[in-house]
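Trainee: Got two chains here, each in a separate frame; can you build the complex from them with the hints?
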Amino acid sequence: MEARPLNILVADDNQSDRMILCAIVKKMGHQVCEAADGNEAVDQYMQQKPDIILLDVIMPNLNGQEAARAIKTLAGEDMVPIIFLTSLQEASDLAACLESGGDDFISKPYNKIILQAKISAFGRMLKMHNTLQSQRDVIRENNDHMRHEQEVAKAVYDNVAHSGCLDLPNIKHMLSPFSIFNGDVLLAARKPSGSIHILLGDFTGHGLPAAIGAMPLAEIFYGMTAKGFLMADILREINLKLKKILPVGYFCCTCMASLSFRRQELEVWMGGLPDFAIYRKASNKVEHVKSSHLPLGVLSTQAFDTKSQSFDFLPGDKFYMWSDGIIESRNADSELFGEDRLFSVFEQYPNEKYFDRILSEVNKFVGESGRDDDTTLLELTMVDESVIGKVDIDLSSGAITGPANWNMTYTLRDDTLRTFNPLPVMLNILNDVPAMRNISGQLYTLMAELFSNAFEHGVLGLSSELKKTADGFAEYYNLRTKALETLNNDYVKFEFDLTPTQGGGCLTITVEDSGKGFDYTNINLKSEENVAYSGRGIPLIYSLCDSLTYLDKGNKVKVSLSWQTQLEE
Amino acid sequence: MSHLNMAQIQELKDVMEEAFGDLVMTYLQDSEQKLKALKKSINANDAKQIADLAHSLKGASANICAENLSALLKKVEDFGRADELNQVPYVFEQIQTEFRCVKTELQQLK
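From first to last, the protein sequence lines stand for chains A and B. Under my numbering, the residue at position 487 of the first sequence is numbered 487, and the numbers go up by one with no gaps. Under my numbering, the residue at position 52 of the second sequence is numbered 52, and the numbers go up by one with no gaps.
Pulled out of the complex, with its shape left as it was, chain B reads as follows (with noise of 0.2 Å):
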């Protein structure tokens, strides 16, 4: 099962054009950078920004049609925001690895 919604991706392909390979690179860095920085804050139990962080990389990984990655934020999202933190490091693993899939096929697909 891929982890990307291939009907929308194509429709994002012909909207971005030769700019697609562009929106890849800026999307997996930014979320590789924001992804350090959830951990950072997971690690310091700072749920407001765990929130604030999963929100804007589920709105993100929404757009680029990554559907799992986008729910699995959502979850650790609404932790932030209920400041229930206790399973938010379980979630964080399974989303490293949603992201390590996604980032394998968006690259296959440049």
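Next comes chain A alone, as it looks inside the complex (with noise of 0.2 Å):
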């Protein structure tokens, strides 16, 4: 029954009670220590730190209720069970004892079996209490530490997220004080032309998992409108980035917009978000901004659309933009603030400063029912470019660039021929140039033509005129798997090289393989009627790229492609 032995204190100033008591405890195995009053007792409990202490009331010196309140505050928190020893009687007596800090009472003359018990019963509370004690320091020791850790990451977001331009006088915002760690990102940013790039983006889920994609969408936004990059672009970028870093099921609810002062336009793009407002000064309405995407980091990248809708924005105008936490608000009976209610605001009160109104409504709604200010709320004005005045870029932000210098070749020989697809891998590296993704359809058309030219018509010898009856195509794979048995210090090699130019960029790439060429001085590069090149699907490839050349006897080819980086609308 006995976990471990307690050391007990047994404090009583008759000799021959003190004897009893001491011989009863020793029999169930605890150690024993012992006072003759209370005075000792208190020295007792400071020297031994009995874990159970058995207190005379009646005591010379210190009597037991004044040595149970010493030793009571002695303890603090520590748990020190104190079990009266008395012959008193009286109710009133014995409450005094609970009051001055006994937890039981065993009275004379003394039961064995009764104290025995009492003894046990105390000593599993005491070993469930000290469990408790050291699991609550424990939950203690992490609570402090996270909170120091989401101090530290509030600190790093805030750098990160509202580094914009947030504060420009056409700019109102409300930016839940949870933000944080509730998912919702606000981001403004100028673009060099002097437009207003603004992202409203609300992650999946709460805590730290929805904060920490805010990290790299912050840091992509900044650094591409700041270097110029469309709208189209850098959500594209993102949407890249977020896929590739998000677990599944998780993602980023978006509307990013941008504001052309010069056009007089707003472009919107909106995905997973419910419908935002565009506010017409001069015919005092309102117009919905309906999502028609899905949330960023859902697609891949060749599956994403960047499509966006375009409104006129006429001086006046403003487009509001919030988070599902002010639709989502609650008042006391539970019920919903709802689209319905937030919509009927502009209705009910025209020529409004609708930001402060939402505001207000939102808060005479939910009352005083526990309002818990998660809310996100942005207005954009329209106004003439010179209140908001010129573009301070901030060039040192996050380069978004990729490697734009480059040389690389890739040689592929006779088991690796026959087995290995080698697009993917190629077409991985090449879309680490920015550039390269716009056109990653293209570019995949054009690798694997490239590829099969190299392979199938020049290494293998084959004819795709074969292919175009279905004997012949029977033919065609018959000769193909005896060709590939033969294969024997066959290869194909790509070099690619990729070098900068004013404004853009060159891609370079060559191809060469193992085979016997081809006589290619009278080719004609646009005409479908290249029968007597085996096929190659010469016009394709010469309608994906900027210059194509054959080289040496027919067995190298280098196509080239270049570009300028979309920078300006």
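One should not assume that every hint holds.
[What the hints assert, rightly or not] Here are the simulated DSS-like pairs of lysine-lysine, each with C-alpha atoms no more than 27 Å apart in a straight line: (1) Lys13(B) x Lys118(A); (2) Lys112(A) x Lys27(A); (3) Lys285(A) x Lys364(A); (4) Lys26(A) x Lys13(B); (5) Lys112(A) x Lys48(B); (6) Lys13(B) x Lys48(B); (7) Lys26(A) x Lys110(B); (8) Lys154(A) x Lys244(A).
[What the hints assert, rightly or not] Stretch-level coverage of chain B by chain A, calculated; a stretch enters the list once three of its residues show a Cβ under 8 Å from a Cβ in chain A: (9) 7 to 14; (10) 17 to 25; (11) 58 to 66.
[What the hints assert, rightly or not] To list a few chain A residues with every Cβ distance to chain B over 10 Å, as calculated: (12) Gln15; (13) Ser92; (14) Ser120; (15) Leu126; (16) Pro315; (17) Glu339; (18) Asp340; (19) Glu368; (20) Leu446.
What the hints contain is simulated information worked out from the structure, not anything from laboratory work. Everything numeric in this text was worked out from a predicted model, so none of it was measured. C-beta: ideal position from N, C-alpha, C; glycine also.
Mentor: Here it is, written out as structure tokens:
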């Protein structure tokens, strides 16, 4: 029954009583220390730190109740059960014992069985208390640690996510103080052209997982906006990054808007968010702006659609963005504020300062029912550009240019040629160049054609002419299988060369194979009638690049692609 | 009729084992001293002192299974607490007689 021997203090001025108690306690296997009065009991408590104290009530010098008070004060948070030894009968005397800090009584003459049962019970309680206390200490320590981490995270987050231009005179915003933990992101930055990019993001989930994705999002947003990238490029880049880093099921509902002062236009891309509002000053009407895309971080780059909606945006027009915290605000009856109520604010109060009106309506609705300030709201007003002044671009913001100047060769030999598809590996490397991502579909076709020409026609010497009839098709694959077996010191070698140019770049791909080549002297790059060239899809390749040249004996082809980075609208 | 509760005293002997003799000796010495002090207090009409000493003797006597003695001491304690000392000398006589019997029996048990 006993988990471990306890250390028990017996304090009784009567020596024979003390002897009996000590004998009983020792018989249970516990250790005993003794005190003959209240003062000794307090001294012994300090020296021996007993687990349980058996304390006589009436003792000379310091009596039992005084000693109990002193000991409980000294013990602080530690649990020291005190069992009073008493022959007192009066209820009020017994109550006074408990009030002075006693936990239980045992009356004289001592009953061995009851005393042992009480000691065991307090031993169990003590063990539980100690477990609780040490668990509480661990929790407290972890909590302190976590709070510290959150403070650091918030500082980092604020540096990254709020370094933009949310303080411009034509922007009013309120960011939930819980934004780092509820996954709301609000970013604004100016392009070199003077236009404003604004992004409201709402990550799935809460807490750290929701906050983490905000970092690369903000970094890309600010970095690329400062360099003058178009909204479509920035969205594609953020989508790719989030798709790469976020676990399945995590994404970011996003609205990105680009305000052009010159064209008096607002371009909006929205994915996965509730309707936003554009207020027209001239007509005093409100238009809904609806999401037409999936959230960021869901689709692959190939499937991702950057198409945005354009709205005329004349001076005095206002664009409102909000987090679902506003719509999901609840009143005392657990009713939602809801989208209808939100839009009706515009109808109810014509020509209002809607930013303040929306906040006050939400406050009024929620009332005193535990408002949690979980709201993010932004108002963007069209003004004359002179109101907000010239752009002050911080060129030190994160570089999103990718590798721009490099060369690589990749040679595939017999076994590898036979079994391995090299296209994904090569495309993956090329996709590190942001400009390539715009044309990744085109690039895939180009690479596939170049590889098939070099391998099927060059190395294996097959003619796709055969594939024109059903019989020929079968023969083609027969020949192909045979040819594959005879590979001996064969190869296909790719060379990529990427060089930066003024405002853009140039990619040259040279593909060489171990085949015997072909006579390309009279080749017409644009004609479909190049039967003599084993059906190499030369016109297709030519249509995909800027230049195409055959070299040596026709076993080497060089194509080049160049581009200008689209910076200004 | 025995002056000790014999069933209880057997239990006590089991608990104390070889220390039972020491316990009896300690109890007798301690009690003789306290009885002397009690006598003095009675002579001095010190009600508080009477009650405290009787209380202590009462508890120790109960523990040593001397039930009659303990009951007599409780009477004295109660008189002392109530500050009604008239009958105390008379009860004290009974206590001294009872104590001598208890002592004899305890010494036989050793």
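Trainee: Next, verify each hint and record whether it holds.
Mentor: Against the structure, the hints come out as follows:
no. : hint                  : verdict
1   : Lys13(B) x Lys118(A)  : holds (22 Å)
2   : Lys112(A) x Lys27(A)  : holds (10 Å)
3   : Lys285(A) x Lys364(A) : holds (24 Å)
4   : Lys26(A) x Lys13(B)   : holds (15 Å)
5   : Lys112(A) x Lys48(B)  : violated (31 Å)
6   : Lys13(B) x Lys48(B)   : violated (34 Å)
7   : Lys26(A) x Lys110(B)  : holds (22 Å)
8   : Lys154(A) x Lys244(A) : holds (24 Å)
9   : 7 to 14               : holds (count 3)
10  : 17 to 25              : holds (count 4)
11  : 58 to 66              : holds (count 7)
12  : Gln15                 : violated (5 Å)
13  : Ser92                 : holds (13 Å)
14  : Ser120                : holds (17 Å)
15  : Leu126                : holds (24 Å)
16  : Pro315                : holds (97 Å)
17  : Glu339                : holds (79 Å)
18  : Asp340                : holds (80 Å)
19  : Glu368                : holds (59 Å)
20  : Leu446                : holds (99 Å)
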